[in-house]
Structures are given as structure tokens and as C-alpha cells.
Amino acid sequence: EPEVTQTPSHQVTQMGQEVILRCVPISNHLYFYWYRQILGQKVEFLVSFYNNEISEKSEIFDDQFSVERPDGSNFTLKIRSTKLEDSAMYFCASSGIGEKLFFGSGTQLSVL
Amino acid sequence: KNEVEQSPQNLTAQEGEFITINCSYSVGISALHWLQQHPGGGIVSLFMLSSGKKKHGRLIATINIQEKHSSLHITASHPRDSAVYICAVRRMNYGGSQGNLIFGKGTKLSVKP
Numbered sequence: 001e002p003e004v005t006q007t008p009s010h011q012v013t014q015m016g017q018e019v020i021l022r023c024v025p026i027s028n029h030l031y032f033y034w035y036r037q038i039l040g041q042k043v044e045f046l047v048s049f050y051n052n053e054i055s056e057k058s059e060i061f062d063d064q065f066s067v068e069r070p071d072g073s074n075f076t077l078k079i080r081s082t083k084l085e086d087s088a089m090y091f092c093a094s095s096g097i098g099e100k101l102f103f104g105s106g107t108q109l110s111v112l
Numbered sequence: 113k114n115e116v117e118q119s120p121q122n123l124t125a126q127e128g129e130f131i132t133i134n135c136s137y138s139v140g141i142s143a144l145h146w147l148q149q150h151p152g153g154g155i156v157s158l159f160m161l162s163s164g165k166k167k168h169g170r171l172i173a174t175i176n177i178q179e180k181h182s183s184l185h186i187t188a189s190h191p192r193d194s195a196v197y198i199c200a201v202r203r204m205n206y207g208g209s210q211g212n213l214i215f216g217k218g219t220k221l222s223v224k225p
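First to last, the protein sequences are chains Y and G. Start counting the first sequence at 1; every next residue gets the next number (my numbering). Start counting the second sequence at 113; every next residue gets the next number (my numbering).
Please keep in mind that the hints were generated in silico from the structure rather than gathered at the bench. Note that the structure is a prediction, hence the values are computed from the model and not measured. No incorrect hints appear here.
A partial selection of chain Y residues facing chain G, derived with a Cβ cut-off under 10 Å:
(1) Q41
(2) E56
(3) M89
(4) F91
(5) I97
(6) K100
(7) F102
(8) F103
Here a beta-carbon is modelled for each residue, glycine too, at the ideal position from N, C-alpha and C.
Could you build all of it, start to finish, from the sequences and the hints given here?
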């Protein structure tokens, strides 16, 4: 079965640093998403991306966050100046039109 | 106020038992997802429902739109079914993507041999 790939699996950074989390969605999918899960809490939607632009975003997705599809395969989440509270597991997912979601295995971000 | 509530929060079963996990929601929805989160953290989509019932192997998902309720059933449970099961809904009248979801807190299932 096709997979969504995320790198790195773990990222440790200092507060105030920029981080880029990378994802390779399934090749024929059209919708791309980022979610986060703070330890012990529920999963939260961050953003969806379609046709090279953000289609929906949550209140969490403020000016510190940005997404990009720099080429035909990668989908990235950038956090400009990380805060302690950004520590979480970040999941990428992709889907076709009206289809179920396929999730990556996540990137555990630790901000020190 | 949680818009998606799951019960029970934790569930321990013996291998072979029939398991039911419930999800209630308070908003109008266009779709409901059942997800499985493995102990390592990875998430797998099990079902996406907008009405009726779906079956895949030993898993069955049902939804009652009028009652705003869905159930996930596992027949002949096995220790490998041990995971967190998450219900998530997509509000009605949102755009084309399926991914803007409201998640429940999950039900932690442990199946003992």
C-alpha cells in the first residue's frame, strides 16, 4: 500500500530556532494536511493545502507557521521561531477527493 | 465543551471478545472517521462514513446521523488490536477537503491473551 513519508522522525531544537518538517504525500493525492498532537492530548488539525495554496487552517496555525510544496513531491511545515509549547508530534496526511486520509508516521518535535 | 465525545476512555478485553467503542458528536457533520493510533504513535485510517455501515475484516463501523452517534465494533478481538481508537468528524458545509477534522480524545483498548 502507498505510504506518506515524514522526515525526520525526531527533531530537537532550541527555543527561537526555525524548524522545517518534511513530508512526501502519496503521489496521486491532491489534498495535504498537517496535524499536531501534544503529549497526552487529542490530535488537532493545523492546515489543509490544495492546488498550491492553503484551503483551510485552524486558529493554531498562526503567523509562526507556514506550509509549502516546493516541488512536485515534498510538502513542508515551517515553524519560524519555535516556542516550548510547540513541542508535539506532528503528522502529515494526504487524500484524494472524497477519500479517507493516509497519515505519515509523525515527527516528534522537542523544543528545549 | 467537547464536540466529539468517546466512550469508554479505556477498555480492557479478553482475546476473542466482541468490542464496541462509541462516539457522539454535537455538530452537523458531512463525514465521520475512525482512526487507529498504534502504541508507537502512527495513525491509520480505518473508516470514513457519512451514513449507514461499513465493514472491513473484523471491524464494523456504523453511524446514525439523526442521533449523532457512531460505533466501532471489533469482532473476535486479538491482542494485536490493542491501540487507541479515535473518532473524528468533519463539520458540514466546510470545503472540499476531508482533513479539517474535530478529533475525540480516543479510546485506549487493551486486549489480553
